[in-house]
Structures are given as C-alpha cells and as structure tokens.
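First to last, the sequence lines map onto chains A and B. In this text, residue positions in the first sequence follow my numbering: the first is 1, and each later residue adds one. In this text, residue positions in the second sequence follow my numbering: the first is 347, and each later residue adds one.
Be careful, since some hints might not be right.
As the list claims (entries may be wrong) - Ranges between beta-carbon positions, derived for each pair:
#1 Pro-111(A) <-> Ala-671(B): 55 to 63 Å
#2 Phe-470(B) <-> Arg-221(A): 45 to 53 Å
#3 Ser-278(A) <-> Asp-498(B): 54 to 62 Å
#4 Val-558(B) <-> Pro-111(A): 26 to 34 Å
#5 Lys-375(B) <-> Asn-92(A): 28 to 36 Å
#6 Thr-61(A) <-> Ala-368(B): 39 to 47 Å
#7 Ser-173(A) <-> Thr-403(B): 25 to 33 Å
#8 Thr-523(B) <-> Thr-61(A): 19 to 27 Å
#9 Gly-396(B) <-> Pro-104(A): 46 to 54 Å
#10 Leu-249(A) <-> Val-558(B): 17 to 25 Å
Said to hold, decoys possible - Covered by chain B, per the in silico footprint, the following chain A stretches (three or more residues, Cβ under 8 Å):
#11 125–139
#12 142–149
It is worth saying that the hints were derived from the structure and are not from the lab. For clarity, every value in this text was computed on a predicted model and none was experimentally measured. All C-beta atoms in this analysis are idealised placements derived from N, C-alpha and C, irrespective of residue type, glycine included.
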Amino acid sequence: MADSITDTRTDFWRRGIASISAGIVMVCVLISGGFVPARASEAQGEPLSTRSDTRAFTDETGRRVNVPPQVNRIVSLAPNLTEIVFALKQENHLAGDTDFCDYPPEAAQKPHVGGPVNPNLEEIVKLHPDLILATSINRRETVDALVRLGLPVYVTDPHSLDEMIASVERIGSVLGAEKSAAALAENLRARLADLDRRLAGAAPRRALFVVWTDPLSSIGRGTFVADALRHAGARSVVETDTEWPRISLEEIIHLQPEFLVFVSEHAGDTPGEIEALSSRPGWRDLDAIHQGKIVFVSEAIIRPVPRIVDVIEQLARGLHPEAFAALNAPSAYTQPAIKEACACAR
Amino acid sequence: MRPLTVRRLLWICGGLAAVLLACVVLALKLGAVPISVTDLVWNLGRVAIGRSDQLPTEYRLIVFDLRLPRILLGILVGAALSVSGASFQALLRNPLADPFVLGVSSGAALGSILALIFAPQLPFVTPLGAFLGAMATIAAVYFLGRRGGELDSTTLLLGGVISASFLSAIIMFLMTTLAGRDLRGMVFWLMGDLSTPVPPGLRWIFTMGLLVGIGAIYSTSADLNLLLTGEREAIHLGVDATRVKLVVYVSASLLTALAVSASGAIGYVGLLVPHAMRLLFGSDYRVLIPASALGGAIAIVLADTLARTVVAPTELPVGAMTAMAGAPVFIYLLRRGMR
C-alpha cells in the first residue's frame, strides 16, 4: 500500500497542485464575495443615525441610542419590558415580543421573536422595528448584532425598585408616553411610601425566599427580589453576592427563617405540595413549617415590572398582618387586589 | 486502495461541492421570510454587479446581513471542525480522537468566560478569549501527552479527557459563583450556537486562518498516509515524522480554536464527518482532507438550517442538532462498516 502511494506521489502533486490552488482561490473569492455585501451595506445600514429628526438618548448601560420622533413599532426582548410597554398603554405599538412574554395575556398574542437569550434576528428584522427594547437578561452579542444591522436598541438595567420606576419613566419618554409613565411612577412611589409608613415600627421578618425547592435555591443580596423583600418588611436569611444561589438545607435549618416565601409558579403552588414538603427530612425540622408561616407570592416578584408593587403589598400583608389590621380598608393607593398574588397558608 | 488520480479527486470534490451548493441554496430559502429561488438568483446577480442598493431593505438585511453570513460561518466552522478531527485521528492513530475529546472546546469556553470576567468592555473579547483558551489547552495537553520526549497517543488522549473534565469543573465553579450578565448566554454557547453574527472584522481572520490551517494540513496529507501505516515505516520511507506531527498538531489546534471561538462547542462533526468520508471514499488523506472539509460544511449548514427552522421562531443550539442527528448516523455507519 505504501509503495503505490510513494510511486504516485510526485506525479500526483505536480498535476494536483494547480487544480487545488485554483480551488482554494475560488473558495476564497466565494467566501469573501459573500461577506462583502454584508460589509458594504453597513454604511447604508444605519439610516436612523444619519437622520436629523431623531431624538438622542443615553440608555441605562451608557450607550447612545437614536430614536425616531414617533416610535410606532417596538420589539421587546424580555417579559418585563413587554409588561412595561403594556403598563404604559403602548401595546398598539408593540410589534413583537418573546416566547416568554405571558403577561398580560394579550402579550402572548403578539408575534414572537424567540427567547430573550436566543432571539431569532431574522424575525426581529421582519417586524420592521423602529425601536428594540432590551435588558440585562439579553446577551450583549445580540444587542451588538442588532446595532450592526442599523436598528436602535435601548437597554435597561435596573437593580432595585427605585431604579425600575426610574426606568419606567425613561422608557416612557423614549416611547413618547411621558404622561402615563409619570402617573404610573407617582402611583408606584406613593404606594411604596405608604408601605414604608405602615411598616416603620415593625421589625423585619427573617424570611427564606424559595425560588426552587429542587435544588433549593434562593436569592442573593444584590437582586431585585431582595429589594422587594426589604420593602415588604422582610430580610432574606441568605446573604450572598450570587444572584440565584443554591443553598443546602442544613444551612437553612441552622438559620431557622421565621417565614418561608414561595414563588407560586416555581415552587409548590398548592398547599398539598407544602404538605408533601413538610414530611420530608430537613424541611420538617423548620419552625416556619411547623407554625405554618408560609407565604405564596406571584412570580411577578422576580420580574422588574410595575406589577411587583402589588406583590410587595400582598407579601407585606402576609408577613405583617398586624400593621394592616388597624385599617382594614385598602389604602387609598392600592389597586384592586390581584387574585393570584398571594394566598397565606396560615 | 484504489490508486488516486487527480480526476478522481476532482470528481469527489466537485460532487461534494455541488451537494454543498444545493444545501446553501436550501438554507438561503428557509427562514423567517421564505424566499423563492428565482428571487434569490436575481438578487445574487444584482449584488454581484454591485447594485445591492436596489434591494428592499428588509430583504437585504435578512438575506445578506443575517442569513448568508451565518451560512458562510457554518461552512467555515464545519470545514474547520471536521478537518481538525480527521487530522487528530491520523496524528494519534486513534479513531476516537476529536477536538472535543481532547479538551479544546472546554479550554476555549473557559478562556472566553475568563475574558468576560476580566475585560468585558474590550471588543471581540469572547472569541479572543476562546482562541487563547483553546491554544493554551492544546499546549498543556501536548506537554501532558509527552513521554520520554515522544508524543504518546494514549497518554495524550487521556490527558485530553482529564483536562476536559478539569476545565469543565472550573467552568461550573465560575458559572455558579459569578452569575454576571454576560455569562447567561454562555450556557447556550457551550452547546454550540451559530445564531450570533460574527463581527465583520473577525470574518477575514476566520477565513484566512481556516485556509492557512487546511492548506498546511493538506500539504502533509501524503505523509499522513505513510504515518498511518506506522511511524517507523514512515521514517524509513523518508518522512520527517516530527515535523509533520508538529505542523498537523498546530494547524489542527488553530482550526479547532477558530471554530470553537466562532460557534461554541459543536460536537460530533469532528468525529463523524471524517468517519463517513472514510467509509465513502477510502482513507487516503489526499482525498479525505478536502472531502472532510466539504462534508463538514454540508453537515453544519444542514444542521443549522434545521436548528433555526424546526421550532421557529425559537432557535435550537446547532450543537443539539448535530448530536441528535449525529449519534444515529454514527451507529449506522459503524454497523455497516463491520459487516
């Protein structure tokens, strides 16, 4: 076998080399030819930045964004942004959102562009957006790719309730909905201030916020949920910089939280499942389980959206019933109770 | 072995190139906005004569700025992965050798995660980190695999497997402790993903690196044939074994690093395509290298087209598609080869 190869080797190369180099050159031309239109079109790909009537904004990650004077076709790349667009009553201008945009229910009817982490760029382009809203759960590569296509992308990055409310106001002015944004922000701030007043004297409850039961995971110090808990008069027993830490049950037994807070979509949302949980080793040793100090909250609490204030109010009632006992009537700012928000298993 | 003639080589490559072209046309047609072939030909013609400004904006953005670059990237990645797989298999004389078994993809992933932690603001930081990580892993595995001054293929393979699990453990550690913004997409990327367009500045680097790498490996293909029959025999026939091994090792690492930094960890292609090509066209590396390049390109273009259309608008990671389609094909080829 080896001999036949060596025999034909030199001859093969002499004749072969010409055709192969021709092939390589052809491949080169083909590939670069394919990439050239993509490069050349970049100059014309940013019609918005060259237009004089655009409004310039600096988004929450410090990027410059040129937005057309009238935003008519919004594509939202995250469920919380979709909710904010609906809260600002701009849903008629929402051209598309993600697979995970399920609130309000009408959001699910909009054309979807895929998930927040892996949106389909072709679908986004197909919707002819004049503004794309993105946030911290989206990948930076996605934002960069959209910008290269000449599309304006406004990125939000709230880390607390105050920043979320400020973010709603900024999105309001980008979308040209300053009025409803200002009214919404004022309502949210007033309700949070009202809560702070009511809970001023109460000692914060030591709570365990359960994101998942298997594996047991909770929230970190810097998260949005931690801030929401603070406003509801609670303090997370878990102190860590990780956003969604996994915790050992041992640690929780050692910490003995006063209250367990479950997210209804993620953890057991029926009392039956808590029943099952309370018979499991480890869980059954928790004082909070014995005393039935368990609160369920809507999963809106892990979304930076205006609706979170409803959840905080319900959570505060579950954790500090005495602070609300004196005034049974809902406070002046409270909106009609949200059905799914809370069920106290006490 | 049938004697290889230039005519046979050209027939095989021409046939595979025709199949690839058909796959590219199919891939260009399918997607969020379906496009007819006549339209496609017309518009490709317009672009070819420099009239791309006459195209509708949406069409231009979708087909020429998103779909075509993605297909071309898939071609590059597929060719790079399967050529490096084929050459690792020859180098280590081990049919299981593959860039992923050798720990290169884990190294690249760790490199890009570290880059994102330490310098998230730099441009191109993810591919650059991946590239450095892949090269560093290859160097480490190479030194692990040396035994008494000789490269021992079993030790090398074991070193690769162990490095891969060690690096994966570090990745898991970093992912659980440092849940920063840009690490979120990493999970997707680890499964192999072509959905993120490569920045224009990097496209030329990828193309050039690929051509240099494949060219270097191809120039040693006759020597690789001899090396496969046994290293001592090859040296007796005048092959500079050390030089050939070094050239192939460095070029195959470069190809893997390029592919992984562009698209994450797409598995099975480097293992499967060379095997399939070997069964179809024989194990002569002068045919196997170009056939693997084209076959890998076909495999990735098809897999990626499926990945972006099967559950549209949601996209699947292309790595999941290659594994799903690859494993049964592998078993089929294996059983057919045994009979």
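How does the Cβ-Cβ distance of Ser-278(A) and Asp-498(B) compare with 54 to 62 Å: does it lie in that range? 58 Å Cβ-Cβ, so the 54 to 62 Å window holds.
Beta-carbon spacing of Leu-249(A) to Val-558(B) - inside the hinted bounds 17 to 25 Å or not: Since the Cβ atoms of Leu-249(A) and Val-558(B) sit about 55 Å apart, the hinted range of 17 to 25 Å is violated.
Ser-173(A) versus Thr-403(B) beta-carbon gap, inside 25 to 33 Å or not: With Cβ atoms ~28 Å apart, the hint holds.
Starting from the hint 26 to 34 Å, judge whether the C-beta atoms of Val-558(B) and Pro-111(A) obey it. violated (44 Å)
Range hint 28 to 36 Å: satisfied by the CB atoms of Lys-375(B) and Asn-92(A)? Since the Cβ atoms of Lys-375(B) and Asn-92(A) sit about 34 Å apart, the hinted range of 28 to 36 Å holds.
Can the suggested window of 55 to 63 Å be confirmed for the beta-carbon pair Pro-111(A) and Ala-671(B)? violated (29 Å)
Quick check: the segment 142–149 of chain A, covered by chain B? Criterion 3+ residues, Cβ under 8 Å. Per the Cβ count (5), the hint holds.
Report holds or violated for chain B covering the segment 125–139 of chain A, Cβ cut-off 8 Å, minimum 3 residues. holds (count 6)
Can you tell me whether the CB distance of Gly-396(B) to Pro-104(A) sits inside 46 to 54 Å? holds (49 Å)
Is the hinted range of 19 to 27 Å satisfied by the C-beta distance from Thr-523(B) to Thr-61(A)? holds (23 Å)
Can you tell me whether the CB distance of Phe-470(B) to Arg-221(A) sits inside 45 to 53 Å? violated (33 Å)
Hint check for Ala-368(B) and Thr-61(A) - Cβ pair distance inside 39 to 47 Å: holds (43 Å)
Checked against the numbered hints given earlier, the structure breaks hints 1, 2, 4 and 10 and satisfies all the rest.
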